[in-house]
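Residue numbers (numbering that gives the first Met the number 0), protein chains in the order written: chain A, 0 to 321; chain B, 0 to 321.
If you are wondering where the hints come from, they were derived from the structure by calculation, not from laboratory data.
A hint or two may mislead.
Given that identical chains are not distinguished, each listed pair holds provided it fits within a single copy or across any two copies.
Unchecked claim - Mimicking DSSO-like on lysine-lysine, the simulated pairs with C-alpha atoms at most 30 Å apart in a straight line are:
id, residue 1, residue 2
1, LYS270, LYS314
2, LYS270, LYS311
3, LYS142, LYS17
4, LYS296, LYS282
This structure is a prediction, so every number in the text was calculated from the model and none was measured.
There are 2 protein chains.
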Amino acid sequence: MDEFSLIEAIKQKQKTYKQSSLQRGIGDDTAVFREAAGELAIAVDTFVEGVHFTEKTTDLFRLGYRALAANFSDLAAMGALPMYYLVSIVVPHRMKESKLSEIFNGMKHLADRYNADLIGGDTVSGNELVLSVTVIGQIEQGKARYRNLAEVDDIVFVTGTLGDSQAGLYILQHDLESVHRQYFINRHQLPVPRIAFASSLGSIKRLALNDISDGLGNEAYEIAEASHVSIILDDKKIPVHPGLAAFPMGLQEKWKYFGGEDFELVGTVAKKDWQTVQQAAEKLNLQVTEIGHVINKDEHAVYLKKNGNMTKLQKEGYTHLK
Amino acid sequence: MDEFSLIEAIKQKQKTYKQSSLQRGIGDDTAVFREAAGELAIAVDTFVEGVHFTEKTTDLFRLGYRALAANFSDLAAMGALPMYYLVSIVVPHRMKESKLSEIFNGMKHLADRYNADLIGGDTVSGNELVLSVTVIGQIEQGKARYRNLAEVDDIVFVTGTLGDSQAGLYILQHDLESVHRQYFINRHQLPVPRIAFASSLGSIKRLALNDISDGLGNEAYEIAEASHVSIILDDKKIPVHPGLAAFPMGLQEKWKYFGGEDFELVGTVAKKDWQTVQQAAEKLNLQVTEIGHVINKDEHAVYLKKNGNMTKLQKEGYTHLK
Numbered sequence: 000m001d002e003f004s005l006i007e008a009i010k011q012k013q014k015t016y017k018q019s020s021l022q023r024g025i026g027d028d029t030a031v032f033r034e035a036a037g038e039l040a041i042a043v044d045t046f047v048e049g050v051h052f053t054e055k056t057t058d059l060f061r062l063g064y065r066a067l068a069a070n071f072s073d074l075a076a077m078g079a080l081p082m083y084y085l086v087s088i089v090v091p092h093r094m095k096e097s098k099l100s101e102i103f104n105g106m107k108h109l110a111d112r113y114n115a116d117l118i119g120g121d122t123v124s125g126n127e128l129v130l131s132v133t134v135i136g137q138i139e140q141g142k143a144r145y146r147n148l149a150e151v152d153d154i155v156f157v158t159g160t161l162g163d164s165q166a167g168l169y170i171l172q173h174d175l176e177s178v179h180r181q182y183f184i185n186r187h188q189l190p191v192p193r194i195a196f197a198s199s200l201g202s203i204k205r206l207a208l209n210d211i212s213d214g215l216g217n218e219a220y221e222i223a224e225a226s227h228v229s230i231i232l233d234d235k236k237i238p239v240h241p242g243l244a245a246f247p248m249g250l251q252e253k254w255k256y257f258g259g260e261d262f263e264l265v266g267t268v269a270k271k272d273w274q275t276v277q278q279a280a281e282k283l284n285l286q287v288t289e290i291g292h293v294i295n296k297d298e299h300a301v302y303l304k305k306n307g308n309m310t311k312l313q314k315e316g317y318t319h320l321k
Numbered sequence: 000m001d002e003f004s005l006i007e008a009i010k011q012k013q014k015t016y017k018q019s020s021l022q023r024g025i026g027d028d029t030a031v032f033r034e035a036a037g038e039l040a041i042a043v044d045t046f047v048e049g050v051h052f053t054e055k056t057t058d059l060f061r062l063g064y065r066a067l068a069a070n071f072s073d074l075a076a077m078g079a080l081p082m083y084y085l086v087s088i089v090v091p092h093r094m095k096e097s098k099l100s101e102i103f104n105g106m107k108h109l110a111d112r113y114n115a116d117l118i119g120g121d122t123v124s125g126n127e128l129v130l131s132v133t134v135i136g137q138i139e140q141g142k143a144r145y146r147n148l149a150e151v152d153d154i155v156f157v158t159g160t161l162g163d164s165q166a167g168l169y170i171l172q173h174d175l176e177s178v179h180r181q182y183f184i185n186r187h188q189l190p191v192p193r194i195a196f197a198s199s200l201g202s203i204k205r206l207a208l209n210d211i212s213d214g215l216g217n218e219a220y221e222i223a224e225a226s227h228v229s230i231i232l233d234d235k236k237i238p239v240h241p242g243l244a245a246f247p248m249g250l251q252e253k254w255k256y257f258g259g260e261d262f263e264l265v266g267t268v269a270k271k272d273w274q275t276v277q278q279a280a281e282k283l284n285l286q287v288t289e290i291g292h293v294i295n296k297d298e299h300a301v302y303l304k305k306n307g308n309m310t311k312l313q314k315e316g317y318t319h320l321k
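Can you build the whole structure from these sequences, using the hints too?
Below is the structure:
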């Protein structure tokens, strides 16, 4: 399959566009879409073979799915609904181009749930597989969930359970058997971006949100620093899957606070709105847990309450340029 | 310089945003901008070391400049004005991260001319340098310059001269001396996207435009196929720089029709609007040349009139996924 056939294979006919604002998708110098009311969110994320994934940890379908999920997770953390995505791929010379369609199929599988259209991209050859995804979403006017919106006395919460993705990666890398093997692997390979949850919180006026791509510790720090507040997390409240207990304690701790890539959301909200958050999660059958609160402290740091002690959480892990 | 310092170094303070619609640039999960009247154009292009450039053919400043220029050229071809750009870079392990700022400086040099803001990106490590740029521009409502808008009897025109970029690349690759050495090198390394020209044609209702990234032949074919017409090009009218005559005839021909990366524009326009096009170019001190016309022929092909003969132009060169 040459590149021209690939374009023909993946490009949507105009009448199949899902977004009514789309004027022109793939097939011209740029995509064109009409502007609607509200605000637009845009983000890009890049994934490199050997750094973010290997043949051992994913197939190409799940690679595509997960790359788009990571980007949709950024949209969720801004309170945005996905509309469009663009994909750049550096294709290794050794790789059959026909394999590329599996990556696109994985992305489409996720995109279709949100009626998001693929509207452009670029494929070029190189030595290693690089996947770069740009996403565009729409936000209700004034409802962007910036990370600098946390206020003193807010409740700090997270969705889902933390550390699952790293457990799944560990299982794949070490060929481990485990009762919860498939659960953890799915959490690593097929994460669900919390779009539905974030977009169901529209009635709440002020909300700070971050998606947990780099670990709870880093994301909480980003909120604390941007909002000029400090955050106290209660170790015994951090939600984890029961199966995590089967791993060495050191790994459990690491994955919980610094693992990342669960693509859950951490947020802060006024106490008066906490019930609304809980009800929204319940409707979606999604776990949401109060894990701490926001305090006024000059350091703009994250503190961990554990066994009666209070320690400052260290920042760790890789920081993406966002 | 770690990645965090790099972000701090390149991110703009809110009060320095050039685009008034920008709500939030770098520094949160996504960038956020308010929608305005009109339509938005978006495109992405990716550049790989060893494929699109080498240390011999560019320094990092010019690499950044050229990557953004190639993207802005896509916006020009859609009649769009640049507003925003996002940058993903795969940084080779051997490369000092401080070098990265040169790439960003090169982009900023061009972006500042159009008041375009850098609003996001991603840097990750890998084995080879990969630069992926996403651009967003604004189009006056109903004035998108789609390539399917050519009509029978239209005049076909190009801006500037063709083949210069390939001549510059050849000079760099072969360490050639030439009277016009610096001219050709500049045309390769520092191309000027034809934004000002394209945006000054707003009074023309219908206009088909393509930027010449893959050679005149390919771009003319794209217009012919999308518009269901055929195009006749007159060989003796194709504008070239006088210095091109110093190169072997075979190379001249190749560069003129299939060289590409001059980032000039090829377009078709009704005869009644041709004078408007010429006047717009004259105001910008830009060369614009009538090189052929659009005919009604079932094949949807591009024909070359040369020495009294008419031959079908062969498609050649690499087709990007757009």
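Right, here's what the structure says about each hint:
no.: 1; hint: LYS270 with LYS314; result: within (27 Å within a copy, 65 Å between copies)
no.: 2; hint: LYS270 with LYS311; result: within (24 Å within a copy, 73 Å between copies)
no.: 3; hint: LYS142 with LYS17; result: both (24 Å within a copy, 23 Å between copies)
no.: 4; hint: LYS296 with LYS282; result: neither (35 Å within a copy, 60 Å between copies)
Consistency with the previously given hints fails for number 4 only.
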